[in-house]
Structures are given as C-alpha cells and as structure tokens.
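There are 2 protein chains.
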Amino acid sequence: MHAILRRFIDETTSCTISDEEFLYIEKGFTEKSIKKKQFLLHEGTVCKYMAFIVKGAMRQYSIDGNGNEHIVRFGMEGWWMSDRESFLMLTPSKYNIEALEDCDLLVATNEQLAMVKEQSLLFLKMSHILDARHSIASQNRIQASISYTAEQKVLELMKVYPLFLKRFSQAMLASYLGLSPETFSRIRKQIAANNTNRQV
Amino acid sequence: MHAILRRFIDETTSCTISDEEFLYIEKGFTEKSIKKKQFLLHEGTVCKYMAFIVKGAMRQYSIDGNGNEHIVRFGMEGWWMSDRESFLMLTPSKYNIEALEDCDLLVATNEQLAMVKEQSLLFLKMSHILDARHSIASQNRIQASISYTAEQKVLELMKVYPLFLKRFSQAMLASYLGLSPETFSRIRKQIAANNTNRQV
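Top line first, the protein sequences correspond to chains C and G. Sequential numbering of the first sequence, starting at 80, is according to our numbering. Sequential numbering of the second sequence, starting at 80, is according to our numbering.
These aren't lab readings, by the way, just hints derived from the structure by calculation. Because the structure is a prediction, the values reported are computed rather than measured. It is possible that part of the hints are untrue.
Same chains, same label: a pair holds when it works inside one copy or across any pair of copies.
To be verified - Capping the alpha-carbon separation at 30 Å, the derived lysine-lysine pairs in DSS-like fashion look like this: (1) K245 <-> K196; (2) K196 <-> K106; (3) K204 <-> K106; (4) K238 <-> K127; (5) K116 <-> K204; (6) K268 <-> K127; (7) K106 <-> K238; (8) K245 <-> K111; (9) K204 <-> K268; (10) K196 <-> K238; (11) K204 <-> K115; (12) K268 <-> K114; (13) K268 <-> K106; (14) K245 <-> K106.
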C-alpha cells in the first residue's frame, strides 16, 4: 500500500522521493482496512487519524437535531480524510467518517504525522500544496453555496467531480449540495432532458 | 506598519522573531493605502497581491449573471486578503476585493511572498498555522451552509463573528450568509424580540 502513497507524493510535489526519506514515511503510516459501513470516526470522539485512501470511498457527515445527515466531504482513492479541527485541537468531533465501500487506508496519528513532517521535507512540501488546493476548493464551494441556484450547483458538481455521480447515490449527492433529494432528482432529469433535446 | 505584522507573526507562532529574520519580511512587504470604495482586485484580472490588513476593512465578492453581489469573505485588522486561486495560478479572478473603509495594507507579490517564505522559517510556520485555521473555518462554513436553517446561520454568525455585526451592513451580512436581505432582517428582529422576552 505504501507504494501508492509514494507515487502520490512524487506526483503532487513533481519530485522523486529518495528511498532513505521514504523510510520515515513508511514508519509513520500504518495500514488499516475497514469494511463498508464501518466508521473511521464517530461524532463526539476525538479524531485519531489522518487517513490516506489507497482503495475505497468514504464520506464525512454530521447529523442535525432532526436526524438528517449532511455530507460535508467525500473521499476516494488518493484523497485524505480527517476532521482536521478535532485531529489538531484534540476536541470531540461533530462529524462521522464512514466507509461507503471496503477501504484500504494508510493512517497516522497526530504525533506520527508531526514526526513525518519533521523528518521528510518532501512530505511537508506535499502537505502545503494540498493545503493550498484545499483552500481554493473550499473557497469555490462556499461561493457556489451562497450564490448558485440549485441547477447551477448540480451542473458544477457534474463538471468538477464527474466521478461522484458514478460512485455515490443521488440522496448522498443531494445532501452534499445541501439540496433535498427531490430537488436534486428533478434537476438531474431536467438536465438529461435538455441534453437529449440538444442532441436531437 | 511593519511592527503590527511583526506582532502578528509572534502571536500566531508563539515565538519571537529576531531582528535579523524580520528584515527579510520587511523587505518582502510594501506599504499600500487604499481609500474606501477603491479596489485591491478587479474581476477578470490576475490577483497581484497577498495583503495583510493593518487598518480598515475589506470584502471579497463575486457578481452573478443577474448583477447580484455575493460576499465570500470579509477582512479586517490582522486578516489576510487575496484570491488565492488567481494569486497562485496566475488565472483571471472571478472576484473583486474592495475597501469598505480607508485601508492601510502590507502587500507582497507572488515572487516576494515565495522569497519571504524561503528566507524566514517563522513566516513559513505562521503560513502553515493560518492554512490550518483557514481550512477549519472553511469546513465549518460549508457545514453551516448545507445544514443550517437561516436562523441557525444568523445565530452562528453572531456567535463566531460578533464584530461583523458592528462593522458591516445588514445587506452585506445577508449576502455573506447567502440569505435575502429581507430574511436576514426578519430573523434579526425575531432574535432581538426573543432576547427581550427572555429578559422580561
């Protein structure tokens, strides 16, 4: 599993990590497999791991007072999952992180991750590149959430994350966009009908 | 103005920067004053600066096809303003950044900022701490936007950013939350009435 993380670091940093430096990373990350519907994090507990997804898909979600689930994040191969606030501050999380498929992960605790960042400059560089990307993606999602119509939100999702539509249910995608399942389904049908009309 | 940035770096990193190291930062950041209603960034242009606000307040917003403004970010003393995507990728920005009051700024270009990060380890450390904080704040805002009712959004804003309510107009705060000005105003009145009733 570590070879996939190694390739990810190389690709993200556009560098080639040496065997010597990669040893520190191998030591810092532990293999962990969790089955579909099992949890990496339960609401109310401290998030213990930063997880790199080698195989599988996950979702991070909160549950409101009425029992409704709200998905703030999906993850799949090559993505990182954690509740960063809880992981860094050691505070109880308001999120659950659940495997949507059987998952193979590489996980590090807060101490292990700090150690890896101290020992591997390339891992540190990768973290900063990911932070910048994450910051840009979050900004775009915030902008979409306050300014887009429901239809624009669905179209943007189809454009930016086409894989989500193949991999996650309509109910989950609706939750991720903050739409009702009915609205999401209606818009998807409209878009499909418009595309068919255009092709005719 | 640089003394305020120096204090900010010390406070954020819980360290004391040496005179020698701070010289690199002084060289990297230029003083820039802009008047109320002037712009640091215009939509369609590349964001040239990362700006530290020494005095004043700003907003970052986009304009949709119907001419409506959507505020994605406010900034005031001790905050940083930039469209990071445009600043890092050198792509045309979809945002405007406007001074809401007369502003004193310290600004650095992409090259200057990269140089400062190379020359000052403490500045680099500060950047990573800010990245982590920004990531957590963004996550919380995304969660609120997809799962909170309009009333919960207003209450959360009052709790997390009480200064915003003193400093920015109701119309702007409504835009920031993705609510109509009417909804925002109605909820503020309801909350005030509930508080009065509780006090009686």
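**Asked** Which numbered hints are broken by the structure, listed smallest first?
**Response** When the structure is compared with the hints, numbers 1, 5, 6, 7, 9, 10, 11, 12, 13 and 14 turn out to be violated.
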